[in-house]
Amino acid sequence: MHDESLIKELKRKALEIRKWVVESVYRAGSGHPGGSLSIADILACLYFHEMRHNPKDPKWPDRDRLVLSKGHAAPALYAALALSGYFPVEELKNLRKIGHFLQGHPCMKKVPGVDMSTGSLGQGLSAGVGMALAAKIDGRDYRVFVILGDGEIQEGQIWEAANSASHLGLDNLIAILDRNRLQIDGPTEEIMHDEPLSLRWKAFGWEVVEIDGHDIEEILATFHEIKHNEKPTLIIAHTIKGKGVSFMEGTLSFHGKPPSKEQYLRAMNELEQEERELNG
Amino acid sequence: MVRARVTEKMRNLRDAYSSALIELGYKNENIVVLDADLALSTKTKRFGTVFPNRFFDMGISEANMMGVAAGLATCGKIVFASTFAVFATGRSYDQIRQSIAYPELNVKIVATHAGISVGGDGASHQMLEDMALMRVLPNMRVIAPADATEMEDVVPAIASVEGPFYVRIGRADAPIIFDKHGHFRIGKGYVLRRGNDVTIIATGTMTAEALKAYEILVKKGIEARVIHMPTVKPVDEKLIRRAARETSFIVTAEEHNIIGGLGDAVSMAMHDDPVPLLRIGVNDVFGESGEARELMEKYGLTAENIAKQVKRLHRKYNQ
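In order, the protein sequences belong to chains Y and B. Just so we're aligned, residue 1 is where the first sequence starts under the numbering used here, counting upward by one. Just so we're aligned, residue 1001 is where the second sequence starts under the numbering used here, counting upward by one.
These aren't lab readings, by the way, just hints derived from the structure by calculation. If you're wondering where the values come from, they're calculated on a predicted model, not measured in any experiment. Every residue gets a Cβ at the ideal spot worked out from N, C-alpha and C, and that includes glycine. Heads up, a few of these hints could be off.
What the hints assert, rightly or not - Examples of chain B residues lying across from chain Y (beta carbon under 8 Å, computed):
| # | residue |
| --- | --- |
| 1 | 1032 |
| 2 | 1064 |
| 3 | 1067 |
| 4 | 1071 |
| 5 | 1072 |
| 6 | 1077 |
| 7 | 1078 |
| 8 | 1095 |
| 9 | 1103 |
| 10 | 1274 |
Chain B on its own, in the form it takes in the complex:
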């Protein structure tokens, strides 16, 4: 079990991204970073300040950025390409498909501002389909870290493995969950709470909510197993199948459309040995403007809603 606790301490995953990138830049001169005029928001600009010869702002042209990333990768560069999730995966889907995933090139797409918690910018900027788009691409691996500590481990981990990755992080500050570095492995899920009644599997921002839901549920006498699944593809099938065997149902939680993301990955993983599965996510609608917290509440992306759904299902399956 990996030690995890939702703390009061907040840290932005974008800051973690840029500090990890810079550290990586010192260690490996093949790291090249591209951005599409959002370098101040994604925080890749900090890398550019330290390594001006290995940072290129490609302007507002995401399609070209992905193609250039591919070309650089054919010449031995480890390319990090960053912009908002909506542009990274939506605007340049075909470039990622044809020029990165198909030739399996060493491009790491790290997208920020994923999910509804983008807030005021509204639905045009709240990307809720990115994991779905990236999951369906062969050769592509998809990761949604839960906190800044984990993000700092994800960056060197994906750089050390050849081939394309998609990493999504949010805009908002997020509570520190992991007090120590070192647990993260590509493709591994982590049991954060050991309950045996039900299983909650969460990814990205929702892992903190799942941990908080555990506290609510335990007071009601329900022992939830909380699994953090940072790698949504390839998902940790073994861990999911064990949860399916050992607990009565599974609830997934993700800041993403309920179609195509973690919920689908989990349901696929328990293919021939299924248990009831409830997906908590955005219910196939576009978002709207509002404060991040207000939006998370309105769209049911909270510990309270997870706990409520678990209690409902617990009554149904354990009476």
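Chain Y with its partners taken away, still in its complex shape:
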């Protein structure tokens, strides 16, 4: 059981991430709000509690790593990094703008705190395997978190990587599957069946846990429980695409589309209302 104030603080951070997702994608005029909003709670728990990292030393060799394999959710990652102090939050207003460093998809050369460049789906888990393997070679105790999309795991490379992770005994690798059940062309299960999802990963040699990806307390408890797993772990985080903005929730229309001005104002209104309730 985590204390109330921590949970409240993380909820506040998740709301801040959500507000910046809406703000930055709106200002950019393009981007992927839906899949960014669905991972806001997970990112809040990782960057403001679970991960060992130091925004003043982004290349610290012993830091925990995070690979956003579903790179199109960059707005959420950038918000988490800025709010952590890797760069000024004001920069979030320059997402996708020419001459500024926040690229449409994460670029490790340009953005402090980004551990791996991603964007072409299916590649991040392999990079995570490499990072976790480096820890084993060097005898370091950092962990590697990889955030996957549930459409993304249709890529064959994911399964090559999953297989190699268990073969190499990478108990320091944790993948989090953003199970929002929607991909650009439709519901994941209609596009390409993926059940029994948990069994598939177990068959590849992973520990699998399923959680509500918006329940801060459950997320924290799960991170705590899996600490001593002897295999790589997959957390299937059941989420809602667009979570936190009523008209974006559970719809496909905001996978890769920014809100209009009217929608932006409404979304910010809702999120601010939620913030007031949380603080009140």
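Following the hints, put chain B in place on chain Y, whose structure we already have.
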């Protein structure tokens, strides 16, 4: 001028690769080697025998191997990733592009079995587009060593420079050309014969053929300048432009498709001061099964064909 002579002594560049890797492994504990179930063919297995904790056979999954290489490199490892050229660059092009070249990570892709001289395996395994694929990637450097001696210098050279490299070597034994180590520098071309009539620029396996072509041509009174260009990207522009100024035309020779490889690199280098350029390579077709030597002959990748083409052009431009 670098001393070079095609000798009777044959040595496999893959053997040179593995011995250089092992030497490097002793000197630098950050060297990690990956392979994709071809470790006996690429000879990386020898490194694995000496350094079992720094060698990983990733199985038949080249895409994952490249991604893992990238991840290791982000943590300070100098990663050598090896397999056949066709799989290294073809199967995992997007992984190299997105996860290695774009973030400019310290991964050295050393591919063996490049070119048509792979022989019996046929077109599916004869990679003739790899230099083209790798050349177009920003941050990527491309090297095709000519013999085992040079290969032993290429391995430590690319390890000492941060960032991605692509090195291609063939399957077959190759004649020793350089009797001494030490000439190789990334990005430098080498004049091996000093003629002033025409220039032959060759890379990889074709450098030996270019040297032999020189001997044929000199008997006909044509003094060819023979340039060995191990680094196809970044190519030695200065040397090419000088050859363009000082000789009447340039012939390039490479065991690669005539599109996208050395010939293109040379033509780009002499952009605003061009001379006639003939590309000798595989003429935009797939290969076929056969003995290495038979294939080189059938597809015109020989000293005789270089000499024939040079003589033809010499008549055309020097009458």
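Here is how each hint holds up against the structure:
1. Given the 8 Å rule on beta carbons, the hint for residue 1032 (chain B) holds: about 7 Å separates it from the nearest Cβ of chain Y.
2. Given the 8 Å rule on beta carbons, the hint for residue 1064 (chain B) holds: about 4 Å separates it from the nearest Cβ of chain Y.
3. For residue 1067 (chain B), the interface hint holds, since its Cβ comes within 8 Å of a Cβ in chain Y; the closest pair sits about 2 Å apart.
4. The beta carbon of residue 1071 (chain B) comes within 2 Å of a beta carbon in chain Y, closer than 8 Å, and the hint placing it at the interface holds.
5. A hinted interface residue such as residue 1072 (chain B) counts as satisfied when its beta carbon comes closer than 8 Å to some beta carbon of chain Y; here the least separation is about 4 Å, so the hint holds.
6. A cut of 8 Å between beta carbons decides the hint on residue 1077 (chain B): the least distance to chain Y is about 6 Å, and the hint holds.
7. Interface hint at residue 1078 (chain B): violated, since its Cβ lies 11 Å from the closest Cβ of chain Y, which is beyond the 8 Å cut-off.
8. Because the closest C-beta pair between residue 1095 (chain B) and chain Y is about 6 Å apart, less than 8 Å, the hint holds.
9. For residue 1103 (chain B), the interface hint holds, since its Cβ comes within 8 Å of a Cβ in chain Y; the closest pair sits about 4 Å apart.
10. A hinted interface residue such as residue 1274 (chain B) counts as satisfied when its beta carbon comes closer than 8 Å to some beta carbon of chain Y; here the least separation is about 35 Å, so the hint is violated.
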